[in-house]
Amino acid sequence: MSQLKSIFAFMSIFFFVSCGTKKAVTGTVSENVSTKSIIKTHNNSEASFNTLQARIKGSYKTEDEDQSISISVRMEKDKAIWMSAKLAGIIPLAKVYITPNQVQYYEKIEGTYFDGDFSLLSDWLGMELDFNKVQNLLLGQAIYPLEKNELSLSFTETDYILKSNESSLLKTMFAIQSSNFRLKGQRIERVAKNESVFITYEDYEEIEKQWFPKKIKIIVTQEEKSTQIEVDYRDIDLDEPVSFPFSIPSGYKEITIE
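Residue 121 in my numbering is what sits at position 121 of the sequence shown, and the numbering runs on without skipping anything.
Treat the hints with care, as some may be off.
Here are the simulated DSS-like cross-link-like pairs (lysine-lysine), alpha carbons at most 25 Å apart as the crow flies [stated by the list, open to error]:
#1 K77 - K225
#2 K133 - K215
#3 K209 - K61
#4 K215 - K225
#5 K171 - K217
#6 K133 - K61
#7 K193 - K57
#8 K133 - K193
#9 K133 - K163
In short, the hints are calculated from the structure, not lab data.
Using the sequences provided together with the hints, build the complete structure.
Here is the structure:
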């Protein structure tokens with residue numbers, strides 16, 4: 001189950017970083033802007049495309065595991081995410097197919113599959129997830145709608161920092177770069193459960209006049225356990241025809257959520 005969890009968690013969340021013509025991302029904040037203006041500009045900066053095809057190489061680390069896998073990715077924005085994982089680039093491991101209403105997955109090592117909602121993924125990551133939240137995380141957008149939360153504004157030399165009320169049961173923090181209004185990082189923390197997800201976007205690149213994350217680092221903490229995932233993208237093509245071949249093999253054992 002440990003091997004299964006690492007593959008599925010890695011595939012289901014961290015498929016999107018980009019490559020292209022690299023440009024430096026620098027900027028200086030203006031303290032005369034409003035929180036509302038920052039949120040609006042961040043929302044408007046989201047990448048716009050129809051389809052995506054890509055390859056990534058990433059690592060998954062816990063106290064007990066340390067592994068790297070290669071994943072082929074296909075995506076139709078707002079509609080579907082498809083991934084196929086291989087070990088050492090040649091040994092098939094698993095496939096996942098995610099739509100706004102369904103998560104389907106199977107893995108070859110233990111011969112198991114899942115066919116249901118986002119409950120399994122949410123349980124493993126320690127936060128409530130849906131299709132839009134996963135997509136936003138991977139595109140460098142805020143997971144939670146910023147305009148629907150009461151947030152305080154502070155500044156660093158290059159970033160705008162938006163934070164939730166300290167008394168909130170769900171604490172959030174979003175660091176937005178002044179140069180392109182893309183996220184530098186976001187943190188979601190459930191204090192009562194001692195769970196947190198901290199996502200940093202260490203680099204961005206510009207593709208077809210739009211900014212995409214190039215490298216993403218995610219640290220998931222649940223009680224005393226910590227999981228770290230890093231992703232680097234190798235190739236990406238936008239707005240090419242894509243298909244999503246997926247069929248759960250017969251004889252596999254279903255994963256259930258209690």
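Results of checking the hints against the structure:
1. Our distance criterion of 25 Å between C-alpha atoms is broken by K77 and K225, whose separation comes to about 33 Å.
2. Proposed proximity of K133 and K215 is supported: the alpha carbons are some 18 Å apart, at most 25 Å.
3. Of the supplied pair hints, the one linking K209 and K61 is violated, its CA atoms being roughly 34 Å apart against a limit of 25 Å.
4. At most 25 Å may separate the alpha-carbon atoms for a hinted pair to count; K215 and K225 meet this at roughly 23 Å.
5. In summary, the hint linking K171 to K217 is supported, as the alpha carbons are separated by about 20 Å, within the 25 Å threshold.
6. Of the supplied pair hints, the one linking K133 and K61 holds, its CA atoms being roughly 23 Å apart against a limit of 25 Å.
7. A distance of roughly 32 Å separates the Cα atoms of K193 and K57; the hinted pair therefore is violated under the 25 Å criterion.
8. With a C-alpha separation of about 20 Å, the suggested pair K133 and K193 falls inside the 25 Å cut-off, and the hint holds.
9. Only pairs whose Cα atoms come within 25 Å are accepted, and K133 paired with K163 is accepted, the gap being roughly 18 Å.
Violation of the numbered hints given earlier is confined to hints 1, 3, 7; the remaining hints are satisfied by the structure.
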